[in-house]
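Just so you know, we're using the working numbering here: the sequence shown kicks off at 98 and counts up by one.
No lab work stands behind these hints, which were simulated from the structure alone. Check each hint, because a few of them may be wrong.
Derived CB-CB ranges, DEER-like [claimed, not checked]:
1. TRP273 x GLY642: 44 to 50 Å
2. GLN174 x HIS581: 48 to 54 Å
3. GLY537 x PRO208: 52 to 58 Å
4. ALA143 x ASP246: 20 to 26 Å
5. GLU190 x VAL126: 17 to 23 Å
6. TYR179 x ALA567: 38 to 44 Å
7. ALA656 x LEU127: 48 to 54 Å
Here the structure is a predicted model, which is why all the values come from computation and not from measurement. Positions of the beta carbon are idealized from the N, C-alpha and C atoms, including for glycine.
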Amino acid sequence: MRRVRIAGLNEEQTMHAMGIDDAYQVVRVLADGRGGTTELVTIEDAGPFVRKKIPQKLANRSVWAALADCACSRLPQVVATYELPDRFVVVYEYVPGSTLEQVIEAGGALPATEAVRLMHDVCEAVEALHDHGIIHRDIAPSNIVVAADGAHLIDLGIALMPGRDNDADEATLGTWGYASPEQHGFAATDVRSDVYSLGRVLGYLLTGVCPAEKGYASAIAADTVPEALRAVVERASAFEPSARYQSVPALVAALNDAANGEGIGSTPAGIRKRAALENGRDHVPSDAVKQSDGGVGDLSDAAAVPRRAGTRRAAVVALVLVVLIVIAGYIAVSRFMGGNTDSVTAGWQSSAGIPETNMRENGASSENGTSASDSGIAAPLLNDGDVAPLFDTADLQIVECGWWVGDMGYVNYGFALRNASADTRVDLPQVTITGRDASGSVVFTQEQVLFSLMPGETQYFGGVAGNGAAPAEMTFEAVPPQDHNVVASTGTPARFEARGVHAALDQLGGTIVTGEIALMEEGVDCFDGGMGQTAISLILRDAQGNIIFGDAIFVNAPAPGSSVPFEFNEYDIPEYAAIEVYAIPW
């Protein structure tokens with residue numbers, strides 16, 4: 098075996114580690130792939146154990162260190178870890194039993210009661226991981242072992258700890274059919290990514306069909322699947338993270354409600370309530386869109402062109418969209434949603450219009466410090482579809498925004514993004530969303546990518562941000578688009594109409610907003626690559642017309658001249674005076 102020196106491992110340490118490695122006797126190889134080699138081993142009279150050899154570049158040591166401190170019996174119990182020249186090695190206790198995949202392949206779909214029981218075991222394991230700051234990212238039937246005492250979650254080979262393993266979050270990893278859309282390499286994962294996988298596993302247990310197979314949609318819709326559990330599956334595995342249950346406890350509460358025949362809950366009963374706006378919250382102004390008391394955007398002193406945060410990710414998004422369309426025919430995008438204010442009739446509209454604030458008047462500058470309008474370069478004549486590299490970045494503007502912190506510390510936000518250009522389309526426009534505490538320290542940051550902005554179009558988007566740490570201040574920054582995402586165009590956006598928008602309280606104290614979205618006109622010269630869906634955003638406003646809450650869901654796209662129904666289920670919202678609904682093709 099060729100010995101390779103690695104940082105922090107001298108020759109003596111290498112020899113010692115290899116001696117430990119040789120002491121184990123391999124009973125059989127359980128798995129071998131790009132994520133490493135997994136073996137069943139013994140050492141002297143002890144064992145059997147599972148030994149996982151992970152390539153150095155994929156080894157998330159912080160995960161295994163945190164797991165060693167976790168007492169949950171439904172997770173791997175770490176026995177030892179050590180370093181080899183090219184591998185990080187972890188040894189943990191072996192759990193005898195069959196995988197869920199083997200159980201279903203042998204006997205088919207499970208009875209609902211058995212499926213719920215096993216899901217409780219798996220959720221217990223995942224919640225323990227989340228409590229230790231770990232995202233599993235590969236919750237699948239092949240990684241769940243059914244033993245005499247219930248289900249055990251194994252294989253943390255691609256797990257990570259957000260904030261520590263950021264580089265690992267850019268890789269496309271996970272089990273096809275169970276990995277969340279955001280795990281395809283261009284959006285950050287969080288606890289909601291695991292919630293998605295849990296929903297897909299539940300669907301598999303109830304149907305016996307892998308969610309990646311063609312027959313899954315009809316199987317989950319069959320009468321043999323209890324309606325209440327089907328609703329849990331659909332919400333947990335929603336395409337957009339903000340539309341899912343926001344935590345494992347929320348999913349467990351919904352499972353319990355479904356099993357008890359009490360309907361589908363969104364969060365545990367102890368935190369399910371209608372909350373009023375917090376009074377007196379101090380929002381410290383920032384150099385982007387400033388936040389005034391109550392989380393409402395104030396544009397009077399907003400900066401013109403924000404930092405180029407995360408533009409690399411926008412380029413990756415564009416590339417991955419094309420690759421997935423050609424190769425797989427499936428676009429697994431994470432949070433690229435938006436609403437269309439210029440072309441949507443809302444169920445209710447407040448009297449407040451879009452502020453006529455040109456953000457360039459407040460100190461806009463290009464990245465080199467010169468005014469974007471003073472470059473002295475004459476724009477060439479362009480035809481529709483030509484790349485327009487001289488797009489004035491000040492034309493991409495946040496025109497209003499607002500937000501609300503829920504009981505669990507997550508932020509429901511809404512913003513309006515405008516393309517002020519008269520002759521250019523911006524594909525995959527991006528907004529950086531940052532939360533800060535009272536001292537100004539960043540508590541979270543994430544990127545929201547919308548689908549496409551036509552010339553002169555304003556899109557509204559509502560979503561959920563954060564990591565459970567409640568911010569005191571929020572900023573929303575429009576990221577200057579890269580040249581290949583700016584295209585000359587004189588096209589028009591699709592026009593939708595929201596009909597019959599109605600809000601009512603449910604039996605649990607939540608708010609249900611229902612209605613229909615009709616496609617009145619198809620867009621002209623729009624961005625290609627849609628998924629045949631429509632993204633619908635819910636925006637709530639206070640009596641002064643300020644945005645105070647936002648959320649989004651997705652429905653199948655209506656045919657021209659027809660409509661599709663929608664339903665929002667909100668369990669933690671502020672008091673509001675007006676509801677607005679926006680839609681965009683996706």
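Open item on the list: Hint by hint, where does the structure go against what was stated? Just the numbers, ascending.
Closed with: The structure breaks none of the hints.
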